[in-house]
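Enquirer: One-letter residues, chain by chain:
There are 2 protein chains.
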Amino acid sequence: MAFHTSDTRLDPIYSILETEQLDAVAFVPGPNFQRLFTANFHLMERPLVVIIPKLGEPAAIVPDLELASFEKLAFPGNVFGWKDEEGYQDAFQAAAASLTQLSNAPQIGLEAQRMRVFEQMALQMALPDARFVDAHAAISSIRLVKSQDEIEHLKHAIAISEAALEATLQQIEIGQTEKQIEAILLNELFAHGADGLAFDPIVAAGDNSAEPHATARPDYKIKSGDALLFDFGASWQGYNADITRTFFVGEVSEHDRAFYETVLAANERGRKVSKAGLSAHTVDDAVQLVLENSQFAAFRVHKTGHGLGLDVHEAPQIMRGNHQELEAGMVYTVEPGLYRPGECGVRIEDDVVVTEDGIQCLTTFSRELRIVG
Amino acid sequence: MAFHTSDTRLDPIYSILETEQLDAVAFVPGPNFQRLFTANFHLMERPLVVIIPKLGEPAAIVPDLELASFEKLAFPGNVFGWKDEEGYQDAFQAAAASLTQLSNAPQIGLEAQRMRVFEQMALQMALPDARFVDAHAAISSIRLVKSQDEIEHLKHAIAISEAALEATLQQIEIGQTEKQIEAILLNELFAHGADGLAFDPIVAAGDNSAEPHATARPDYKIKSGDALLFDFGASWQGYNADITRTFFVGEVSEHDRAFYETVLAANERGRKVSKAGLSAHTVDDAVQLVLENSQFAAFRVHKTGHGLGLDVHEAPQIMRGNHQELEAGMVYTVEPGLYRPGECGVRIEDDVVVTEDGIQCLTTFSRELRIVG
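Sequences listed follow chains A and B, in order. Here numbering that gives the first Met the number 0 is used: the first sequence runs in plain steps of one and ends on residue 372. Here numbering that gives the first Met the number 0 is used: the second sequence runs in plain steps of one and ends on residue 372.
For the record, the hints were derived by calculation from the structure and aren't laboratory data. All values derive from a computational prediction rather than experimental measurement. Certain hints may be false.
Identical copies carry no separate label here, and so any pair may be met within one copy or between two of them.
[As the list claims (entries may be wrong)] Heads up, simulated DSSO-like pairs for lysine-lysine below, C-alpha to C-alpha not over 30 angstroms straight-line: (1) Lys-178 - Lys-71; (2) Lys-154 - Lys-178; (3) Lys-71 - Lys-154; (4) Lys-71 - Lys-82.
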């Protein structure tokens with residue numbers, strides 16, 4: 000008989016080791032780390048890696064200058080510090096040697112969308128017989144269903160974001176550049192209490208709005224008739240808002256109005272159809288059908304949305320082909336968009352939490368077509 | 000005879016392929032991408048990978064929704080788009096198949112500190128005979144020596160940061176929490192024109208200042224006699240400031256004053272000793288000796304500094320054992336620190352650019368011991 004640590008914080012990880020038939024998982028600072036230890040570290044050029052084996056004591060490789068902070072975690076295992084001048088490989092070797100109950104040729108799951116190649120290389124050198132597999136989805140599943148406290152954190156991040164957006168709209172004038180408007184938005188986000196940015200905001204007008212991940216231009220001045228798209232979010236205590244609204248500057252053509260209303264109908268469909276028990280595929284399919292059955296079917300580019308929480312893009316991916324079942328407490332974005340290249344893009348994005356019989360929409364900003372500037 | 004693309008933007012990469020004896024390099028959005036193409040993309044759950052082979056046309060794997068933005072790069076090679084519903088692996092396979100002049104068992108260099116494990120796994124599946132090596136330092140060497148334009152960008156990011164710090168200090172009062180002060184700083188950074196944050200700022204007082212990478216506490220109120228450490232930076236057009244100043248709240252003890260002056264002497268030594276032709280080791284050694292020869296030798300934790308530019312932590316690492324020669328135009332931080340656990344930490348960080356006969360200090364904020372609050 001063999002035992003692993005009794006720290007209950009790690010229980011979800013031990014379940015995953017069982018289900019996924021893994022001998023260990025290794026992870027790095029980030030959302031999963033924060034969810035497990037309610038503390039986090041910077042992901043930087045100094046590797047900090049935690050290894051949780053199925054049997055025996057966990058091990059952590061920690062840069063010396065993080066040791067004092069790491070100590071506060073009360074990490075249930077052995078900690079191997081390393082100094083800048085000495086490099087990290089010896090600490091990886093010592094950590095590997097401490098995993099005495101690891102089987103030969105162990106199968107080790109990694110957060111493959113988070114961990115970087117050099118961390119895996121250091122692990123591989125220390126555990127030459129190990130086989131590394133992508134366990135990102137499995138490990139991240141510990142964050143799929145949000146607690147009420149997490150929902151409150153998300154609501155707070157969203158409230159900051161929406162207040163910042165309204166304050167920004169009040170300051171918009173024809174002739175401002177995209178970059179100027181982005182600066183106003185950033186200023187308002189932090190004036191309203193953001194801790195950080197969920198991601199670099201997208202502020203895109205006119206033809207630039209037709210690029211889903213456009214960069215704000217310093218030399219493009221918004222003009223009457225332009226679409227003006229904001230995709231942005233505050234982060235607050237690690238939790239991220241992600242909201243998109245598209246406005247029109249000065250006036251809107253009938254064609255663009257119909258374009259907008261089509262996206263809005265798809266957004267409404269996504270919010271209406273969602274509920275626990277459905278698959279992510281079903282939700283995206285319903286949304287895409289609204290777009291496909293419109294006169295603008297040719298301008299679809301992307302899926303309905305993605306999970307949201309400590310990560311900005313996490314599971315569940317709301318897309319055709321993903322037959323994952325939605326559960327009460329999952330949070331994701333509903334963000335259909337249409338993009339006429341060189342002309343106009345519209346995206347309307349809400350953040351929703353799934354309930355037994357539908358959703359609760361966390362975003363509250365109006366979706367009515369609005370003229371600004 | 001075989002040819003590669005004649006796009007001169009890729010010349011530095013072809014030199015690296017030659018020097019490092021690599022058959023190809025693969026890289027992802029980030030600082031190197033931005034330096035090569037003067038444009039960038041988000042690094043997200045949708046892989047975007049560029050492969051530059053020594054011979055033949057480059058290949059890029061690009062999510063469909065980024066294709067319009069990617070087109071603007073005028074990428075000199077084949078582009079393989081992929082849709083959310085279909086997944087990315089087919090695009091990796093097609094890209095690999097397009098590399099017809101790649102040798103058997105090619106050696107492929109990766110940005111191992113930037114690329115994530117799942118991107119390497121997709122490459123490995125598409126190129127099963129390839130051997131992947133860490134070429135992070137070699138690839139990033141294209142950013143080692145900064146142009147005058149880059150220095151100007153850094154100066155702008157630093158000017159924003161220093162103005163924000165001064166504005167923050169004006170608002171500090173005894174009894175505020177670390178978290179409140181952090182919020183003021185964030186607000187001032189964006190009010191002064193930051194595009195983004197170089198990293199999550201560190202605002203740490205009292206015992207928390209003794210943790211080099213502390214997190215601001217919502218429940219700790221600054222009090223007379225506390226050290227108050229700020230480590231932060233604006234980013235502007237992709238370029239990052241990184242500055243640390245430590246103040247004292249209300250008053251300072253003689254012991255803490257001596258502690259502060261020791262760090263300041265080490266900082267001054269780092270700025271004085273630096274010049275082109277010296278090694279990074281020599282600079283760190285000179286700085287560490289000031290600390291080691293003081294009464295506070297036991298409280299050293301980290302090296303002198305790191306390179307700074309499009310990345311916050313890049314080469315050259317200013318540390319003992321790194322015998323890399325400093326060249327005019329390299330930019331790095333000089334940030335010695337001392338940390339008395341549970342009591343007090345002091346770090347003083349400047350950003351400098353190396354010149355033939357010394358350095359130009361880009362940060363201008365006073366280092367004189369200052370009482371705030």
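Enquirer: All hints are to be evaluated individually against the structure, with a verdict given for each.
Expert: Status of the hints after comparison with the structure:
1. In this assembly of identical chains, the alpha carbons of Lys-178 and Lys-71 lie at most 30 angstroms apart only when taken from different copies (19 angstroms versus 42 angstroms within one copy).
2. Both within a single protomer and between protomers do Lys-154 and Lys-178 lie at most 30 angstroms apart by alpha-carbon distance, with minima of 27 angstroms and 19 angstroms respectively.
3. Taking the shortest alpha-carbon separations for Lys-71 and Lys-154, only the intra-copy value of 28 angstroms comes in at or below 30 angstroms, while the best inter-copy value is 37 angstroms.
4. Proximity of Lys-71 to Lys-82 under the C-alpha cut-off of 30 angstroms is restricted to the intra-copy arrangement: shortest distance 19 angstroms within a copy versus 44 angstroms between copies.
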